[in-house]
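Engineer: Heads up: the sequence shown is residues 8 to 357, going by the working numbering.
None of these hints come from the bench; they were simulated from the model.
Derived lysine-lysine pairs resembling DSS-like cross-links, with alpha carbons at most 25 Å apart:
#1 K230 with K164
#2 K52 with K230
#3 K164 with K52
The calculated label-pair distances, taken between Cβ atoms and stated as ranges, are:
#4 E13 with D287: 26 to 32 Å
#5 E265 with H99: 46 to 52 Å
#6 E41 with P62: 18 to 24 Å
#7 P187 with D287: 34 to 40 Å
#8 R33 with G98: 19 to 25 Å
#9 N216 with R322: 46 to 52 Å
#10 P187 with S252: 27 to 33 Å
#11 R241 with G221: 26 to 32 Å
#12 D223 with H111: 25 to 31 Å
Glycine residues also receive a C-beta, built at the ideal position from the N, C-alpha and C atoms.
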Amino acid sequence: MSAWPEQGDRSRLFLLGLGTWLPTSRETVRNAVEAGSYDPQRADKDDFTSVAVEPAAFPAEMGVTAARRALEGVDVDTVDWLAWTSIHRHGHTTLWPPASFAHHELQLSSAALAFSLSQGCNAAFVAMRIAADHLRLHPRSAALIIGADRFGGSLFKRWSSDSGTVFGDAASAVVLAPRPGPLEILHLDVEQGSELERLYRFEQPSEENGQEPGRDYDVSSAKRAYLRQYGDDRIRSVFAQALGSLRSRLLARFPLLERPARFVVYPNVGRGISASVYEDIFGGLAEANCWEYGRSIGHTGVSDQILALSDLVERKVLSVGDRVLLIGAGNGLSVAVMLVEVRSCNSGAF
Numbered sequence: 008m009s010a011w012p013e014q015g016d017r018s019r020l021f022l023l024g025l026g027t028w029l030p031t032s033r034e035t036v037r038n039a040v041e042a043g044s045y046d047p048q049r050a051d052k053d054d055f056t057s058v059a060v061e062p063a064a065f066p067a068e069m070g071v072t073a074a075r076r077a078l079e080g081v082d083v084d085t086v087d088w089l090a091w092t093s094i095h096r097h098g099h100t101t102l103w104p105p106a107s108f109a110h111h112e113l114q115l116s117s118a119a120l121a122f123s124l125s126q127g128c129n130a131a132f133v134a135m136r137i138a139a140d141h142l143r144l145h146p147r148s149a150a151l152i153i154g155a156d157r158f159g160g161s162l163f164k165r166w167s168s169d170s171g172t173v174f175g176d177a178a179s180a181v182v183l184a185p186r187p188g189p190l191e192i193l194h195l196d197v198e199q200g201s202e203l204e205r206l207y208r209f210e211q212p213s214e215e216n217g218q219e220p221g222r223d224y225d226v227s228s229a230k231r232a233y234l235r236q237y238g239d240d241r242i243r244s245v246f247a248q249a250l251g252s253l254r255s256r257l258l259a260r261f262p263l264l265e266r267p268a269r270f271v272v273y274p275n276v277g278r279g280i281s282a283s284v285y286e287d288i289f290g291g292l293a294e295a296n297c298w299e300y301g302r303s304i305g306h307t308g309v310s311d312q313i314l315a316l317s318d319l320v321e322r323k324v325l326s327v328g329d330r331v332l333l334i335g336a337g338n339g340l341s342v343a344v345m346l347v348e349v350r351s352c353n354s355g356a357f
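With the hints as constraints, model all of the structure from the sequences given.
Structural biologist: The following block contains the structure:
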């Protein structure tokens, strides 16, 4: 899949609305370390301060609420495409489709497509990239992408099931359309490094059983097994190649070295990963990053970047003409880059 827009394509794509669900409750790193939930050496390296914790609501409720906020001021009858994204359980039976729940709750047309997309933490960017092609062919339509994850209330351990990051609860939603809105998507690109899919799985599949109920969530052990066999250098090499390809295609269209973006948003992974992977490649393309915000809420699965963009909008730190660079990454490996530009600061949707 090529970058959007393709060379010579005169289509334009806008964000008509943003919506988020971010709980006010926080669990601090200090408390997690004192409770024995978070290794103190990891805490020093990762550099988080806290994670967002949703004590009651489940992802379906969180995501639909975020979607309603994103749809404020948007004609819901124009929404004919809905993608639900997540990386964790939704709290209901395995066969239950949250995209259909959102479709029903938001009262979309029966002709509107609704589906769930699983592509790790990069799923929202993948969904937006697919939506761009749909909207090119349907210029009167709008697309809705929802993301929601809650890591409490499950056997997943937000402080230790994965290495290099800790997990917070949140939801996000965006409305895309090929007609003018407050934010224009100038560039959207996705790249694969699928050699790293084995980083997130054990060598052999296993049957479900009651003896190891948390095995499916033991990402750290799967990663350690990969590192023993292939080493850390291989991971960094594949990451650097995939992210470097994104950077090259981005700079071929936008001279960000000469005119940097106002902000860059990375995935909310620990500083030990971000500093040596994302910042090395994209740090020179923006004046500032959003780590202070990210380190206070944790890695929220599919919602990190939209949460940070919404935070910038809500704090009114962006002006017309400002650009924000969003970097996405998910297990697979799937990585993405999106460049947006502020067109208006007066929309009711923002």
